Amino acid sequence: MTEQVARPVKIRTIGRRTDRADGVEKVTGRATYAVEHGVDDGVVDPLHLWLVQSTVAKGRVSAVRAEAALSHPGVVAVIDHTNAPRLHDTDNRELAILQDDRVGFRGQIVALVLAETLEAARQGAALVEVDQEVDPHEVELTEHNATYRPETVNPDMDTDTDEGDVDAAFAQADVVVDHTYRTPYEHNNPLEAHATTAWWESDGGDERLTMFDSTQGVHGVAQSLAPMLGLAPGQIRVRAPYVGGGFGSKGEAHAHVMAAVLAARTTEGRPVKLAVTRQQMFALTGYRTATISHIRLGASADGRLDAIEHIVQEQTSTIREFAEQTASPTRMMYAAPNRRTRHRLARLDVAVPSWMRAPGEMPGMFAQEVAMDELAVSCGVDPILLRELNEPDTDPETGLPFNNRRLVDCLRHGAERFGWAARNREPRATRDGEWWVGTGVASATYPANRMPGNAARVRSLGDGRYAVAIASVDIGTGARTVLSQIAADALDVEPSAIDLEVADTRLPAATVAGGSSGTSSWGTAIVAAAQRFRKDHGDSAEPGLETTATPADDPAEERLSFHSFGAVFAEARVNHWTGEIRVPRLFGVYSVGRVINPMTARSQFLGGLVMGLSAGLFEDSYRDPRLGHVVTQDLATYHVAAHADVLDVDAEWLEESDDTFTPMGSRGIGEIGIVGTAAAVANATFHATGTRVRSLPITVDDFSGADGI
Amino acid sequence: MKDLTYLTADTADSAVELFAATPGAQFLGGGTNLIDHLKLGVATPDALVDISRIPLDRVEEYQDAIGSGLRIGSNVRNSDLAAHPVVRASFPAVSRALLAGASGQIRNQATTGGNLLQRTRCVYFQDVTTPCNKREPGTGCSALEGYGRHNAVLGASDACVATHPSDLAVALAALDASVVVLGPEGERRIALDDLHRLPDDDPSIDTILEPGELITSVELPRTAVAAQSTYRKVRDRASFAFALVSVAAALQVEGGRVSDVRIAWGGVAHKPWRARRAEDWLRGRAITEQTIRAAVAEELTAARTNAQSVYKVPMLTNTTTLALLRLAEEVAQ
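Heads up: the protein sequence lines correspond to chains E and Z, in order.
Our numbering applies: residue 1 is where the first sequence begins, and numbers increase by one.
Our numbering applies: residue 710 is where the second sequence begins, and numbers increase by one.
Hints listed in this document are in silico derivations from the structure and should not be mistaken for laboratory results.
Among the clues, some could well be false.
[To be verified] What follows is a set of in silico ranges between Cβ atoms, one per label pair, in the way DEER data are often shown: (1) Z:Q999 to E:R182: 36 to 42 Å; (2) E:T32 to Z:G733: 46 to 52 Å; (3) E:V27 to Z:M710: 52 to 58 Å; (4) Z:M710 to E:E201: 47 to 53 Å; (5) E:V27 to Z:L1034: 33 to 39 Å; (6) Z:K748 to E:D178: 48 to 54 Å; (7) Z:Q814 to E:R182: 32 to 38 Å; (8) Z:D903 to E:T32: 43 to 49 Å; (9) E:E201 to Z:K748: 45 to 51 Å.
Source: prediction; values computed, not measured.
Think of the CB as a built atom: it goes at the ideal place given N, C-alpha and C, for glycine as much as any other residue.
Sequences are here, hints too, so could you generate the full structure?
This is the structure:
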């Protein structure tokens, strides 16, 4: 593969409001999602699949009795661990379904029903009788059982860090804040439920697997499945032309994908369609672990931090390890010579946790930013000034200079726009009729990530038009649109002159739409390919000439610490009588490098803020400790913010360009909007009422005292 | 879902006949609750008798020996009833209760009769893999010691702690509405307050309706106190959520003393909870924050809570106090 150093592009359409490239297809219902493909896309005469799930949290499947299901009209087959195709590699126990009789969590896939219609498959699944031997289970995260120390935390970070003498520093500190903060289990709940269509073909003995999958990364799916199926990744084709959101839950293949693939293995080439239900998503497609954060801040009387300690307790599953990096932002956020972080896990008999928007930063910054608010109150210092006082000169974790740390600019700009100067610092000082009124602030941060392993292809179509191809997936973020803008600028043409092809493993490799890394990673590859194309073929290339290139490693990554920053402001009103909470204003200011498309970027920030508000006040997966599964398993009982909860929400960004990070001058924007938002809301409810709530979600009953709040 | 027979009825009489002639039948109205249950396996009827085409879709004034009022056809949609000018003017609690329920789309689809007969949203009732005495008698109550945020605190039993989810029913209970019911034996009237039952040892039965009985209308008597009524609902988000607690209240004051008062609660029991002890306590007294709190305390002596539902007692007290104090202000003006 040709390597090309990607140089800063000449800005032409980057920064211009640009309509979504696929907006019309989506709003007119012509966009085809993973189980909506038909004959035109090779999905001929498909069978429908339904999942049968365990109803015990731990144990063994002693028998799967399929007679009743098989005699139901339309049911074609029932597959269980005794007759499922064998896998070549079963190390990933989340994906290695139906390979043995073990049950590791309630809701695990224990059988599959294939039928001619969706309805027959569903009814067939209801008729399958599963005999289970029950073992005692442990499914509850507590401060007592979260004691296991993982080797690393995600994605590959130190589990613990120590610097200086934390205990001595606390002993000498003028002010110590020492509290425990909790966040609940949260489920990603993208609008489009997870879904897969899969079929196998044999071409002269060469087996091929073809899939439409609702995923954040087509290559990632092929790479994770291939060794388990005994295939080379090139034998698997995965496409995801339209995906209705992911929020991390489609960042990697989950068990249902393997279910569709294994079932399709048995149908002699007939495609298999699997649409996971909303309820099944609560067991099978990932979620954010609950977290317990013990935070200690030691400071001088005027608020200068001398020691920071963040001890995290959270959970993983027994069948597969997933260690959320909850203390990671604490390591780099504020200056303090003495620092300690820890991550300890409980290994439970539960569904496998996974990625959810801003893994680590979202729960970690909730804890830290509420603790900072408590420190501000203890020291009598304005919370914005407190953060300014504790600005580090270099990254406290690595010692490297930050490339572009503008937290203070975000805080000051936001303060001005939000009207912070008029704030009465006293909590519980403002009442408007039935409502206590308060405001709060929190910092936000997210690492700027750019992944290796991306390539793009540029081909001349003649008449000044170009085909640009990369396997990246647009999960609804607007990636198609911004990649067209980037390609246009890199080739110095209008976006309308670009035919962009994405989301197919036959295209040059692209990494996942996750970690706020997509646009940075794919865009840099497109710029590299475009610049190489111009070098190879000049400004007026003959039709058919093409170049595929991958960006050369960037030495700046070694000498700078790349992060984005932001500041979130919230106004909260808490009803004196009922405890009801309203957030009439939510405002974020972000430093994220150059914004490529203000329209889709604004949507990302607002979406992040709303999801943060939702985490602050509503989202809560209640796992029943006796039964082992989440019982709030639909959108009627797992609440996300409704329209009436989302009032004046707005976001702005600093005008800037980060040419050291990407040739577009941009950094990622997908996750930072959720970071700190719940803390800002929590801090505002404290300022309104004088009651500090340290556990999410903050709910009406937190404020329903005998005589009101 | 399992196969079933789908039948439609054009008149209330034919609906009742079809039902009687069809084993394992269930009536289908707007379907906003029953269709979910079919998918989830919570309801497994052999046949559906669709009553949504029966022209029971009018709101009419009635006059009889006892008095006057509104007769609301059981197929009147929730959104239409909420917007009806007479309902808004003379029965504000009913309009407010409807608008506090569900979402715009669901209110457009849901019917008056169906709203009253919707079933609990208890998470265990809706999950067929868990024990539930209401869904499967004799299997036990998972909510008793499980997810208890929505549990009943009044009138519950060890067999069931489910709450009735309707907002409309709470307002109708407060305003002494009745349902008109047609069955194989003919027509009868049931006071709204008597329609739903407490779980006792058989929570599988929600109401006192006999199998095959169809609600054809709701009668809402016109009273002076009904015109001075309100509904206040507290829920986990600003819309589209079931009540944690809700209060329907109506108030008349003469010479500074309560001459008539109605209080009904939602979110606290297996039925809309008419707080008659609190009403009795208040009647003849001045309306102050203290008297209201004392009246509510009187009613809530019977409350039984656990760690997850204990918040409902102060929340209900505060919300009732708020609702009645605001009504008193309105009445005074």
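How the hints compare with the structure:
1. The hinted range of 36 to 42 Å is satisfied by Q999 of chain Z and R182 of chain E, whose Cβ atoms lie roughly 37 Å apart.
2. Against the hinted window of 46 to 52 Å, the Cβ-Cβ separation of T32 of chain E and G733 of chain Z comes to about 39 Å, which falls outside the hint.
3. A C-beta distance of roughly 31 Å is found between V27 of chain E and M710 of chain Z, which places it outside the suggested range of 52 to 58 Å.
4. For the pair M710 of chain Z and E201 of chain E, the beta carbons lie near 33 Å from each other, so the given range of 47 to 53 Å is not met.
5. Roughly 47 Å separates the CB atoms of V27 of chain E and L1034 of chain Z, a value that falls outside the hinted 33 to 39 Å.
6. The hinted range of 48 to 54 Å is satisfied by K748 of chain Z and D178 of chain E, whose Cβ atoms lie roughly 49 Å apart.
7. Checking the proposed 32 to 38 Å range against Q814 of chain Z and R182 of chain E shows it holds: the Cβ atoms sit about 35 Å from each other.
8. For D903 of chain Z paired with T32 of chain E, a C-beta distance near 54 Å fails the hint of 43 to 49 Å.
9. A hinted range of 45 to 51 Å is violated for the C-beta pair E201 of chain E and K748 of chain Z, which are about 34 Å apart.
Violation of the numbered hints given earlier is confined to hints 2, 3, 4, 5, 8 and 9; the remaining hints are satisfied by the structure.
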